[in-house]
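Using full-length UniProt numbering, read the sequence shown as starting at 1 and increasing by one per residue.
Since the hints were derived computationally from the structure, they do not count as laboratory data. If you're wondering where the values come from, they're calculated on a predicted model, not measured in any experiment. Check before you lean on any hint, since a few could be wrong.
[Unchecked claim] Restraint ranges, calculated between C-beta atoms of paired labels, are given here:
#1 R239 / M126: 38 to 48 Å
#2 S172 / T130: 15 to 25 Å
#3 D250 / Q133: 43 to 53 Å
#4 L270 / P31: 37 to 47 Å
#5 V170 / E122: 38 to 48 Å
[To be verified] Derived pair list, reagent style DSSO-like, types lysine-lysine, alpha-carbon separation capped at 27 Å:
#6 K267 / K114
#7 K195 / K114
#8 K40 / K195
#9 K256 / K219
#10 K218 / K40
#11 K267 / K245
#12 K219 / K263
#13 K195 / K267
#14 K236 / K219
#15 K114 / K236
#16 K218 / K256
#17 K236 / K263
#18 K218 / K236
#19 K195 / K219
#20 K245 / K219
#21 K195 / K218
#22 K256 / K267
#23 K245 / K195
Glycine included, every Cβ here is placed at the ideal spot set by N, Cα and C.
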Amino acid sequence: MKTGLHQHASLQQQLRINPRLYQAMDLLYMPLLDLQQHLKQELLGNPFLELEEPDEEREVQLSEDGDTPEQKEKDGDDEPNWEDILLDNGSDGAPPRDLSEAREYVEPVPVETKELADHLREQVQMLDLTPRQQLLAEEFIGNIAEDGYLGATLEEIVRGANQLLEEHAVESEQEVQPQLYTVAEAEEMLRIIHKLDPPGVGARDLRECLLLQLEDQKKTDTLAYRLVQEAFDDLKAHRWSDLGKRFGLDPAEVQKVADDLAKLDPKPGLQHSA
Numbered sequence: 001m002k003t004g005l006h007q008h009a010s011l012q013q014q015l016r017i018n019p020r021l022y023q024a025m026d027l028l029y030m031p032l033l034d035l036q037q038h039l040k041q042e043l044l045g046n047p048f049l050e051l052e053e054p055d056e057e058r059e060v061q062l063s064e065d066g067d068t069p070e071q072k073e074k075d076g077d078d079e080p081n082w083e084d085i086l087l088d089n090g091s092d093g094a095p096p097r098d099l100s101e102a103r104e105y106v107e108p109v110p111v112e113t114k115e116l117a118d119h120l121r122e123q124v125q126m127l128d129l130t131p132r133q134q135l136l137a138e139e140f141i142g143n144i145a146e147d148g149y150l151g152a153t154l155e156e157i158v159r160g161a162n163q164l165l166e167e168h169a170v171e172s173e174q175e176v177q178p179q180l181y182t183v184a185e186a187e188e189m190l191r192i193i194h195k196l197d198p199p200g201v202g203a204r205d206l207r208e209c210l211l212l213q214l215e216d217q218k219k220t221d222t223l224a225y226r227l228v229q230e231a232f233d234d235l236k237a238h239r240w241s242d243l244g245k246r247f248g249l250d251p252a253e254v255q256k257v258a259d260d261l262a263k264l265d266p267k268p269g270l271q272h273s274a
């Protein structure tokens with residue numbers, strides 16, 4: 001457990017490239033063994049992802065057909081030129097069909113670079129909290145890891161906040177003993193933290209993280225929310241048939257829900273990592 005009360009913020013002008021493009025470039029030049037290891041790590045980090053095996057019939061057909069040297073040269077020309085993509089200012093050629101899609105990847109705008117803790121503090125400062133609540137909120141923020149998960153129990157957070165109260169009482173030579181925090185106060189503050197951006201922040205595990213994101217999307221009455229809430233272990237184990245029998249669904253319907261859940265962010269705090 002660590003105590004908060006640290007601030008760090010910087011303002012700089014920079015060209016921000018969507019992290020997905022960086023990832024695409026890394027994957028493009030990654031050796032096969034490294035790529036396989038990367039995919040394994042992604043599958044472990046998000047249990048709702050599945051690795052699709054290639055169509056064997058399709059592979060056999062392609063190998064039988066073969067390619068002529070001219071075709072191979074032409075295929076090579078079809079490879080994306082990442083240097084041109086990054087340096088292209090859009091002055092030549094037809095405009096993209098969707099301008100918002102183009103801006104999604106490269107957007108030269110002033111960017112305020114903030115760590116996750118600073119991003120959370122800014123939101124807390126806008127809330128109507130008492131000084132006592134603000135101190136407890138800071139204790140929570142100080143114990144939220146870079147990936148957005150809460151790294152301490154409520155009891156540990158209460159002990160940390162009470163230690164600050166007692167130290168302040170000694171330093172200020174107060175005769176009256178401070179009113180110590182309770183777990184009930186911590187539970188109430190956790191509900192406030194869970195309402196902050198990014199959705200899922202302050203979660204104590206992946207299940208709670210996904211539920212918070214579904215709540216933020218107003219999807220508490222959906223099958224996805226019910227499956228995560230009531231049958232998360234079966235979901236992680238991809239037991240589509242068992243879940244189908246339990247909830248009266250076709251296994252394909254359950255898998256479709258799992259595919260939708262895979263689109264949620266398992267580590268929401270990394271949106272604000274440097």
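Next on the checklist: Output the indices of the hints that this structure fails to meet, ascending.
Outcome noted: Checked against the structure, the hints that fail are numbers 4, 5, 8, 10, 11, 15 and 23, while the rest are satisfied.
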